[in-house]
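Those protein sequences? They're chains D and X, same order as listed. Counting from 1, one number per residue, gives the positions in the first sequence under this note's numbering. Counting from 212, one number per residue, gives the positions in the second sequence under this note's numbering.
One thing to keep in mind: the hints can contain errors.
Unchecked claim - Cut-off 25 Å, straight-line C-alpha distance, at most; resulting in silico cross-link-like pairs (DSS-like, lysine-lysine): (1) Lys-95(D) <-> Lys-213(X); (2) Lys-64(D) <-> Lys-250(X); (3) Lys-121(D) <-> Lys-49(D); (4) Lys-121(D) <-> Lys-250(X); (5) Lys-128(D) <-> Lys-283(X); (6) Lys-213(X) <-> Lys-96(D); (7) Lys-28(D) <-> Lys-64(D); (8) Lys-250(X) <-> Lys-28(D).
What the hints assert, rightly or not - If we take Cβ atoms under 7 Å as the criterion, some of the chain D residues that face chain X in the derived model are: (9) His-71; (10) Ser-109; (11) Ser-127.
Hints are computed from structural coordinates only; laboratory data are not their basis. Being a predicted model, the structure only gives us computed values, none of them experimental. Don't be surprised by glycine CBs; every beta carbon is placed ideally from N, CA and C.
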Amino acid sequence: MTESGKPILYSYFRSSCSWRVRIALALKGIDFEMVPINLIKDGGQQFSKDFQALNPMKQVPTLKIDGITIHQSLAIIEYLEETRPTPRLLPQDPKKRASVRMISDLIASGIQPLQNLSILKKVGEVSKDLREETHLTWAQNVITSGFNALEQILQSTAGKYCVGDEVTMADLCLVPQVVNAERTFSSRGLCQVPPFHISCKFRAHSSDTWS
Amino acid sequence: MKQVPTLKIDGITIHQSLAIIEYLEETRPTPRLLPQDPKKRASVRMISDLIASGIQPLQNLSILKKVGEVSKDLREETHLTWAQNVITSGFNALEQILQSTAGKYCVGDEVTMADLCLVPQVVNAERFKVDFTPYPTISRINKRLLALEAFQVSHPCRQPDTPTELRA
Numbered sequence: 001m002t003e004s005g006k007p008i009l010y011s012y013f014r015s016s017c018s019w020r021v022r023i024a025l026a027l028k029g030i031d032f033e034m035v036p037i038n039l040i041k042d043g044g045q046q047f048s049k050d051f052q053a054l055n056p057m058k059q060v061p062t063l064k065i066d067g068i069t070i071h072q073s074l075a076i077i078e079y080l081e082e083t084r085p086t087p088r089l090l091p092q093d094p095k096k097r098a099s100v101r102m103i104s105d106l107i108a109s110g111i112q113p114l115q116n117l118s119i120l121k122k123v124g125e126v127s128k129d130l131r132e133e134t135h136l137t138w139a140q141n142v143i144t145s146g147f148n149a150l151e152q153i154l155q156s157t158a159g160k161y162c163v164g165d166e167v168t169m170a171d172l173c174l175v176p177q178v179v180n181a182e183r184t185f186s187s188r189g190l191c192q193v194p195p196f197h198i199s200c201k202f203r204a205h206s207s208d209t210w211s
Numbered sequence: 212m213k214q215v216p217t218l219k220i221d222g223i224t225i226h227q228s229l230a231i232i233e234y235l236e237e238t239r240p241t242p243r244l245l246p247q248d249p250k251k252r253a254s255v256r257m258i259s260d261l262i263a264s265g266i267q268p269l270q271n272l273s274i275l276k277k278v279g280e281v282s283k284d285l286r287e288e289t290h291l292t293w294a295q296n297v298i299t300s301g302f303n304a305l306e307q308i309l310q311s312t313a314g315k316y317c318v319g320d321e322v323t324m325a326d327l328c329l330v331p332q333v334v335n336a337e338r339f340k341v342d343f344t345p346y347p348t349i350s351r352i353n354k355r356l357l358a359l360e361a362f363q364v365s366h367p368c369r370q371p372d373t374p375t376e377l378r379a
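Model the full structure from these sequences, guided by the hints.
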């Protein structure tokens, strides 16, 4: 915590995981201090000794709050939910909560880690192919697989948002992943892919809610 | 997502192992798999997510197949090296985190969701011939957990679909 007692968020502007937490903090009206960690500059500031001591996984986001340090965006969001429960980011009903967590995990385990900076670097090393094309193909395949599944799941869970008509943790995971996808697809000169029209509708709603 | 596990329960279908476990915890709360204290719950979820997002998806069957395709190298050695690197990075971090969270188990002295994530990942690591010398805390906790009945009846070597040559 800062001297003023504010939470401190270690974040990178383009990190989708960091963005999930920034949305949660904004929605819950939690004032915090941001410490930027540039994942590319200086060879990647996440590898500095100081930051490694803070987060041994060398990743953002990391949140210092209430005298503890939490890594992993969903663990952070669940802690915020349990200690600052208004407004809710998880429904009260256990079955709907399961849907929220399922969608969040699909994105946070099934898509994002397979197309982040760190894995794309490994892909380049193992294929001995540093062309952007190879990275983009890999990322596109990963995102497409995940979004194909997500689109199907949303048919039964979605109302105005991913699960019903209130914003939940699932929506906090969706929007940053859609931005990643748009950046990936537009780099290939591809138009918005039709099966993902629902995610685009959510993004429009999200822009309204969070602008 | 064409993945396991999937659980059909109480008229719904849930995918994603941690979403399943949290549902079981909320609807069948005894014995607890998450502590009552929110800070300890955060530690449990952090360790669970480290494994479930930061290690496992980067070394499962599906990703190893993609690695083989992109490297045009189907040698087992390439898979092994990739998996070892991913697991080693994750376990290096986990070993450090456990210094401050662990008691008898990953978080304190009760079995939690974090322990449910640890043991299967250790089995994977052993299969990929990861050297456990740098991970005394992970090793100690894993050994204690494997002695518990729930971890034994659910072990891969005792399932209906376990191949004969791998059966306990």
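Structure-based check of each hint:
no.: 1; hint: Lys-95(D) <-> Lys-213(X); verdict: 21 Å, holds
no.: 2; hint: Lys-64(D) <-> Lys-250(X); verdict: 12 Å, holds
no.: 3; hint: Lys-121(D) <-> Lys-49(D); verdict: 21 Å, holds
no.: 4; hint: Lys-121(D) <-> Lys-250(X); verdict: 34 Å, violated
no.: 5; hint: Lys-128(D) <-> Lys-283(X); verdict: 10 Å, holds
no.: 6; hint: Lys-213(X) <-> Lys-96(D); verdict: 21 Å, holds
no.: 7; hint: Lys-28(D) <-> Lys-64(D); verdict: 16 Å, holds
no.: 8; hint: Lys-250(X) <-> Lys-28(D); verdict: 18 Å, holds
no.: 9; hint: His-71; verdict: 5 Å, holds
no.: 10; hint: Ser-109; verdict: 4 Å, holds
no.: 11; hint: Ser-127; verdict: 5 Å, holds
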